[in-house]
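In case you want the letters, here they are:
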Amino acid sequence: MSQAEVKFLEQVVYLPYRWSMGPVYTRFFEEFKKKKIMGTRCPQCKRVLVPARQFCPRCFVDTPEWVEVSDHGTIRTWALINFKFSGQPMDPPYITGLIDLEGADVGFLHFIGGVNLADLAEVRARIKIGGKVRARWKEKPQGNILDIECFEPV
Amino acid sequence: MARAVAVVGFGQTKHGRRDEVSYPELVYEAVKAALDDAGITPDDIDAVVSGSMPPAMEGIGAPHLYLSDALSAFGKPSIRVATCGSTGVSIAQMAYYHVASGLFDVVLAVGHEKMNENDPQGTMTTVGEPYFQRPFSGGAPGIFSMQAHQYMYRYNLPEERVREAAAIISVNHHENALDNPYAHIRMKITVEDVLNSKIIAYPVRLLDVCPSSDGAAAVIFAAEEKAKRFPRKPAWVKGLYYAGEEAFFGDSDKVVWQSAIIAAREAYRMAGIQNPRKEIDVAEVYNPFTFQELIFYECFGFCEPGEACRLVEEGVVLRGGELPCAPSGGVLCTNPIGATGLIRVGEAALQVTGRAGQRQVPGAKTALAHAMGGVDQLNGVMILSSEL
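Chains as they are written, first to last, in my numbering: chain A, 1 to 154; chain B, 155 to 542.
Covered stretches of chain A (chain B as the covering partner; in silico rule of three or more C-beta atoms under 8 angstroms from a C-beta of chain B):
| hint | stretch |
| --- | --- |
| 1 | 18-26 |
| 2 | 65-78 |
| 3 | 86-92 |
| 4 | 106-113 |
Since the hints were derived computationally from the structure, they do not count as laboratory data. The C-beta atom is built at its ideal place from N, Cα and C for all residues, glycine as well.
Required output: the full structure, derived from the provided sequences and hints.
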């Protein structure tokens, strides 16, 4: 059978979700709304985990001690996204990166902004691993991860 | 003690854009080919293990129910395993466990994907949890691009040198795919083509990235006593391991990448391999992105940390080299994700039994098959050999 003879059934599957944030993420985002980034310290390995966790994934013990970390940090790594896909948070190009926040022991995923994305040379000059960045907060935070618009080079 | 287990049959579809068949028809094509290769019928199969990407990719939940007939699963245990990119190696390892345990003698492993019926990057983005990470993964290329940057920085490697090595890998694999009648992308390219191709997620360019493929693969595993009675020379499973990492991408290091290191180290230990570069003749490394393949060379002990570019520059991992990687053209040229890891196992079995046709590495006796899954979270390795 040639390809032209095959027909297609087309449908959209639409599924709304309502995800519980549980007590730890609820508290994290309450603090986030006040422009604070909170982690929890593992009593065993002493790492400060960000975002805050109920327990340490390596030591598997509860992490009840809350610690505020800085909204400044250094770039651990980054990617310039230049292709389109469904469910994308914004139109490309944009930069995502892992930020090592001051006071945290794990990387924090977010957008990196504040550069002219049309100019690759400028991006390469200003966005560097190890480079200092700080959070640019929304004027009116809503209590979700996009309350930080992006991290910008200092 | 686990029983000895061998691959006794392998079948795969022609991979690529397969709009002309439905999903069950695609799976049937691979299963039928594997049964024919092994010279058996579904009556000889004791259990079926199958898997694919998250079902959103094809829009049908629990697809092993829908695909049950094409999997020849009537009257048998039918188990689905899904670990994203590493699904194919997880399926193979699960099939191995079934046989090694002594509970089943002959087990059919099937991996399948139809990536052109939906936006696959859209489905992949749903793998990230929605509270903290989903908006920032940038699809699979974004994650691998971050890893590439980190790799270059860690060892202070000039970006131009790493890009050139990655481009040579791409050219090599595309050339290999021309020898593989089942491969999706079959075209001759140059280093300049790769270096000048469109940026997908800087520094990753179009020709550094695998395609979205439709395809299926089936591998038949049998216990030692049975395996010796099959018409094909068995490819013995000598070692295997699988390791995972934390749910948060920022929790662990993706350059000195523990899940990949542990998976290889433990598989080598089981197979008695002490010097992988000398003792492995061919490697089907999971390589959806050229840059990531460099990192795997190091995690698998083919070279010292930071030295992967040299392996490429000296031709060690290329056609005709000491340890050729991806003679099939690899994931870079063919990636029906749920099948991809299982294709690595099937290709490794073909290599060690001298049945790989035009893509045969002369005299290959020991092969490595590998797959990686999740947001750089999971790695699985299997070692196959011509000798028990």
